[in-house]
Amino acid sequence: MSKKFITLLTDFGYEDHYIAVLKGIIYSICPEAFVVDITHSIPKFNTKVASCILNFAYKYFPRGTIHSVTVYPEVGTNMKALIMKTKNYVFVGPDNGVLSIAAEDDGIEKVYEITNKDYMRDDMSRTFHGRDIFAPVPAFLACGVKPEDMGVQVYDYHTISMEKSYVKNESITGEIIHVDSYGNVIMNIGKEQLDSLNVLDGEILEVHVGVIKYEIVFAETFSGISPGKLGLIIDSENLLELCVFKGSAAKMVSASIGDKIQLKKKS
Amino acid sequence: MSKKFITLLTDFGYEDHYIAVLKGIIYSICPEAFVVDITHSIPKFNTKVASCILNFAYKYFPRGTIHSVTVYPEVGTNMKALIMKTKNYVFVGPDNGVLSIAAEDDGIEKVYEITNKDYMRDDMSRTFHGRDIFAPVPAFLACGVKPEDMGVQVYDYHTISMEKSYVKNESITGEIIHVDSYGNVIMNIGKEQLDSLNVLDGEILEVHVGVIKYEIVFAETFSGISPGKLGLIIDSENLLELCVFKGSAAKMVSASIGDKIQLKKKS
Amino acid sequence: MSKKFITLLTDFGYEDHYIAVLKGIIYSICPEAFVVDITHSIPKFNTKVASCILNFAYKYFPRGTIHSVTVYPEVGTNMKALIMKTKNYVFVGPDNGVLSIAAEDDGIEKVYEITNKDYMRDDMSRTFHGRDIFAPVPAFLACGVKPEDMGVQVYDYHTISMEKSYVKNESITGEIIHVDSYGNVIMNIGKEQLDSLNVLDGEILEVHVGVIKYEIVFAETFSGISPGKLGLIIDSENLLELCVFKGSAAKMVSASIGDKIQLKKKS
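Residue numbers (this note's numbering), protein chains in the order written: chain C, 2 to 268; chain F, 2 to 268; chain G, 2 to 268.
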């Protein structure tokens, strides 16, 4: 018996029975499944945050892992439910784009609309498709049912587009894509863009967060940032991150997801 | 080796070592056990919320799952510890009624008071029966010890009674039994009661929440509710639910558990 | 296939992808591993709380369990990463003392500095050693790699010293070492110290919490404490605990970790 990994990513919170309902259904259908939580603390209905977290996490799991996402403000409408087969994984979730960034990152091979009611709950509700579809479908997949038996291949689906950052006139323009629980502010700006400006360890950058300008040191390690001061660092995903040693950068700059960032070397 | 499922439901919160202590004990006694959390965020000492969440969750787990509950304001008194064998499951917890709604829902077959100290911790404390009883007992059960070897059959036990809703003079009277983390307000009013009033999709109902009267649309799907407005919907448990599309109904009506609900068709 | 238990203790919080990243890496390296969370809600960067929680929890797990801790304000400095082999367990974490109280409690046998980059991530970051070291190392250990193949034995390492309480002139001096989510206030004062003062069930003690004096009853069980009143009780770890029946002692005395406690019999 080898483990069949299924991850769950939802906005259910940890207070209710909803997570347990999903796990109970999965283990009832496929006892060999092994469920791992990504998180259930996605801000309610926030597909953008969910798609970003999924993209940060999915790739660390064993090849073949089934990632099931229930962040679904559109529940009860006629939105499609999808299985996205990618190069190394299988993604299951609503067709609201929440799967798209991660699935595209891994390389989409085939997309199926889930239509076969044999693999949904008999007592199908209008309010809880996590229970009715996004638990049983990954469980059946884990136990060997093929995506093509669960639905029909489709070629149109929704995507959430991550804004692309760009370099122009020695200045980088991007945006905030995540604020983590430490208050680290993560941007869609990569190491290679910073390199293209020849930014060196210890240099001061002029950074606009929205309309406010800051002068912030770029450091290769946390130890290059003065205690209590803002710093810029390349994080473990090779993204630029605004941080405060042992503190919350998000509080110091009152930044939130989607805020525009513009930065250049101090002149 | 097949998995022996044990669920845990407590008011421990996630900040402390208490959940880990329970799991460590369970896996030390019975490595084949497989623990799934229902939730550990029950409001402290709130057996009513716990019994409701247990009732919502228990039935989704594989047949034979052992559900262990530690919500136990009476710890250190002489309260009995119980094993309730029901039609499809085994429930373990204190005799304060917290198991009763779920156990009765599944159909109680036999109830045992846990008396055999061989299956409790040697270093029995007066403050942490989760550790001393409600972890080892389900672990021993999972590994094959019979309830009758752990205690004596009893015929008296405490129950928490869920208020029954009723229909009278074309009006339904009930109460709020749960407010979930989305702010959905769940009532002890079932679909069949609503049907008995011939309430149709899109109809306006007069709803008293406590002393305040609202006029609220009943909708078959979320899409029948105007954005930002209150709506009534039948949820996945076939219960009537007050909700706001992408918002919190609990905030809009400041409802809480136990509040009386009265509703009828708008005249 | 027997389970190889790994516990995780971090200050990551539950909102982000960080916990999932660790689990994904562990299961990718060693699918036979079985990860159990101690908690991820350690106050950010608080190695003292983490070391206390680890000490409360570690001993309940099956012999041979690998306890991996990532509470690491010093990440990105040149701090060592350690494997501490103790009598019954293996601890993995940074050399900031966070492992020391638990490891010493169990009995340290050998300590290794992790130096072999074969057992770290190739894309080693400067910000996320949980991902780069404290996930892969326990996974490789769980799958049979020996500590001596991962690094070199060391004899110097940092410790966090738990203040010792003491009895002098019929008075006990100690400090607050933990405040749990119920608001129970746990002190580094043991049952045997209380016994040395011949404190009996129901006796009133004079307790200084910081500079404020309280008169508080010592009770053998919660039922000996009047509802809504402060009480002192011996908890499941044989430590003295300030508590309120169905309430929060921490709120009533505004106590926090590290506060000095002095107590004696009421004269």
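A portion of the hints provided could be inaccurate.
For identical chains, the list gives no copy identity; a pair is met inside one copy or between any two copies.
In the SDA-like style, the derived pairs of lysine to any residue whose C-alpha atoms are separated by at most 25 Å in a straight line are [claimed, not checked]:
#, residue 1, residue 2
1, K4, D107
2, K265, C144
3, K230, L240
4, K4, E238
5, K252, T128
6, K147, S182
7, K230, N47
8, K247, S257
9, K88, I213
10, K261, I30
11, K60, I161
Derived by calculation from the structure, the hints in this document are not laboratory data. Here the structure is a predicted model, which is why all the values come from computation and not from measurement.
A quick look at each hint next to the structure:
1. K4 / D107: within (22 Å within a copy, 31 Å between copies)
2. K265 / C144: neither (52 Å within a copy, 47 Å between copies)
3. K230 / L240: within (20 Å within a copy, 40 Å between copies)
4. K4 / E238: neither (27 Å within a copy, 31 Å between copies)
5. K252 / T128: between (36 Å within a copy, 20 Å between copies)
6. K147 / S182: neither (38 Å within a copy, 35 Å between copies)
7. K230 / N47: Intra 31 Å, inter 19 Å, cutoff 25 Å: inter-copy only.
8. K247 / S257: both (19 Å within a copy, 20 Å between copies)
9. K88 / I213: neither (42 Å within a copy, 56 Å between copies)
10. K261 / I30: Classified as neither; 46 Å inside a copy, 38 Å across copies.
11. K60 / I161: Within one copy, since 18 Å is at most 25 Å while 36 Å is not.
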